[in-house]
Amino acid sequence: MRDGMVAIYPRLWRYAVALTGRRDWGDDLAQTTCLRALDKADQFEVGTHLDRWMFRMCQRVWLNELRSRKVRTGAGVMPVEEIDLADNAPGTEVNILARQVLSQVNALPEAQRQSVLLVYVEGFSYKEAAEIMEIPVGTVMSRLAGARKKLNTIMANPAKGPS
Amino acid sequence: MTDPRTFSDEELTAFLDGEADAELESVISAALETDEALGERMAALDIPMAAITAAFDSVLADAPAMPDLGPAAVPAPANTNTRPRWGLGIATFATGLAAGLAVAVFTGFGTPEPAPRGWVSFVASYQTLYTTDTLQAIDPSPQDAALQLAAVSEGIGIDLAALPQAQGLTFKRAQLLGFNGKPLVQISYLREDGTPVALCIIPAGPDAQGLNMGAAEGLDVARWNTPGFGFLLIGGQDAAPLAREAETFRDWSTDIAT
Numbered sequence: 001m002r003d004g005m006v007a008i009y010p011r012l013w014r015y016a017v018a019l020t021g022r023r024d025w026g027d028d029l030a031q032t033t034c035l036r037a038l039d040k041a042d043q044f045e046v047g048t049h050l051d052r053w054m055f056r057m058c059q060r061v062w063l064n065e066l067r068s069r070k071v072r073t074g075a076g077v078m079p080v081e082e083i084d085l086a087d088n089a090p091g092t093e094v095n096i097l098a099r100q101v102l103s104q105v106n107a108l109p110e111a112q113r114q115s116v117l118l119v120y121v122e123g124f125s126y127k128e129a130a131e132i133m134e135i136p137v138g139t140v141m142s143r144l145a146g147a148r149k150k151l152n153t154i155m156a157n158p159a160k161g162p163s
Numbered sequence: 001m002t003d004p005r006t007f008s009d010e011e012l013t014a015f016l017d018g019e020a021d022a023e024l025e026s027v028i029s030a031a032l033e034t035d036e037a038l039g040e041r042m043a044a045l046d047i048p049m050a051a052i053t054a055a056f057d058s059v060l061a062d063a064p065a066m067p068d069l070g071p072a073a074v075p076a077p078a079n080t081n082t083r084p085r086w087g088l089g090i091a092t093f094a095t096g097l098a099a100g101l102a103v104a105v106f107t108g109f110g111t112p113e114p115a116p117r118g119w120v121s122f123v124a125s126y127q128t129l130y131t132t133d134t135l136q137a138i139d140p141s142p143q144d145a146a147l148q149l150a151a152v153s154e155g156i157g158i159d160l161a162a163l164p165q166a167q168g169l170t171f172k173r174a175q176l177l178g179f180n181g182k183p184l185v186q187i188s189y190l191r192e193d194g195t196p197v198a199l200c201i202i203p204a205g206p207d208a209q210g211l212n213m214g215a216a217e218g219l220d221v222a223r224w225n226t227p228g229f230g231f232l233l234i235g236g237q238d239a240a241p242l243a244r245e246a247e248t249f250r251d252w253s254t255d256i257a258t
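Top to bottom, those sequences are chains A and B. Per our numbering, the first sequence starts with residue 1, numbered consecutively. Per our numbering, the second sequence starts with residue 1, numbered consecutively.
None of these hints come from the bench; they were simulated from the model. Every residue, glycine too, gets a C-beta built ideally from N, C-alpha and C. Just to be clear, a hint being listed does not mean it is correct.
[To be verified] For each label pair, taking beta carbons as the anchor points, the in silico distance ranges come out as: (1) A:Ala7 / B:Asp159: 22 to 28 Å; (2) A:Arg2 / B:Glu154: 23 to 29 Å; (3) A:Asp42 / B:Gln136: 57 to 63 Å; (4) B:Glu36 / A:Asp42: 55 to 61 Å; (5) B:Gly228 / A:Gly138: 16 to 22 Å; (6) A:Arg2 / B:Gly168: 49 to 55 Å; (7) A:Arg2 / B:Leu60: 16 to 22 Å; (8) B:Asp207 / A:Asn64: 17 to 23 Å.
Using the sequences provided together with the hints, build the complete structure.
Listed below in structure tokens is the structure:
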């Protein structure tokens, strides 16, 4: 279990950062999720997918425990400098573009951002993503449709977007 | 085909993501041929997928290691069965490629482009570039063929070792491509008469669907689904041999799906 978690951790952390929209909260969320996973290791069904199980747990921890606490402690408004996910990347042209893309995805509402990460970045099917987010497949579809529309507008016309 | 069906953004999104079922896929593909407004709506849903995945790949490289969470007082299950992230083996190569693509896609984005299309349409366009000569010179040994099939099997999650030989088709090459972050297997064959034919497999929804004949980009296609996978046999302008070949592959795919 622990070896599996170590292997998944970078992806879990990336998911946590996308879910929370901030690196520092992503750190907290990924760590709390690992602790919770170790607590509940006996509930993990061997032969099923550890990554999906942990991603599902990550969302539960975020929704049930961390999000309200984070927002209540006055950090509800996201400072611009926190949006950059890849803040230590060298400033090559590609990395500047990557940062721009990440900010734009990060500017999506939480549910859309989360769906984009699971389906477009992680490559989960609609059905798998629906199971991870514990929502109907139709909701995944409408979140992605919404995300596509917004990203299309922002990315095609940067001047109109929050950039 | 004349009824002007209106598609929702959700349906168009599913189409773009390769998640539309065969019926929706073919209705939208057909409508796109004639309906300009639909093409525009589709274009308004297009996003620079390669740039997005490349950007998030760079985040992964940035991820901290898992912190030491203290001694675990829990039994360790033997099989953690992590998702085999397809393409991880070629990730290093792909990162460079994706970075290049990110620039290309990003700088090209926003300029007028043809409407985006579903996976079948992409495969069909690609297949139209194949000629007899493309495949004639390729002559893999049985060992090479087995190695290629083993590699793509791992990528897609189906065991292709026992892929049947359809009468009249000679195996040429198996490779793992990708469509919107999903693995896409392409197995190339040359028919006796020199027609290039390809069998393609992509992860799909849970419902099985029977064999359907049709056309894309001027090539004949045969499509069917098993739970979890979509299959496409494509090539030539003669439906009769294609249907026969498709049945051989379909029977095999149905057998391994159960």
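Verification of the supplied hints:
Taken as a hint, the range 22 to 28 Å holds for the pair Ala7 (chain A) and Asp159 (chain B), whose Cβ atoms sit roughly 23 Å apart. The hinted window of 23 to 29 Å between Arg2 (chain A) and Glu154 (chain B) holds, with their beta carbons roughly 25 Å apart. About 59 Å separates the C-beta atoms of Asp42 (chain A) and Gln136 (chain B), a value consistent with the hinted range of 57 to 63 Å. At roughly 58 Å, the beta carbons of Glu36 (chain B) and Asp42 (chain A) sit within the given window of 55 to 61 Å.
A hinted range of 16 to 22 Å for the beta carbons of Gly228 (chain B) and Gly138 (chain A) is consistent with their spacing of about 19 Å. The hinted window of 49 to 55 Å between Arg2 (chain A) and Gly168 (chain B) holds, with their beta carbons roughly 53 Å apart. At about 20 Å, the CB distance of Arg2 (chain A) to Leu60 (chain B) agrees with the hint of 16 to 22 Å. For the hinted restraint 17 to 23 Å between Asp207 (chain B) and Asn64 (chain A), the CB-CB distance of approximately 33 Å leaves it violated.
Violated hints amount to a single one, hint 8; each of the other numbered hints is respected by the structure.
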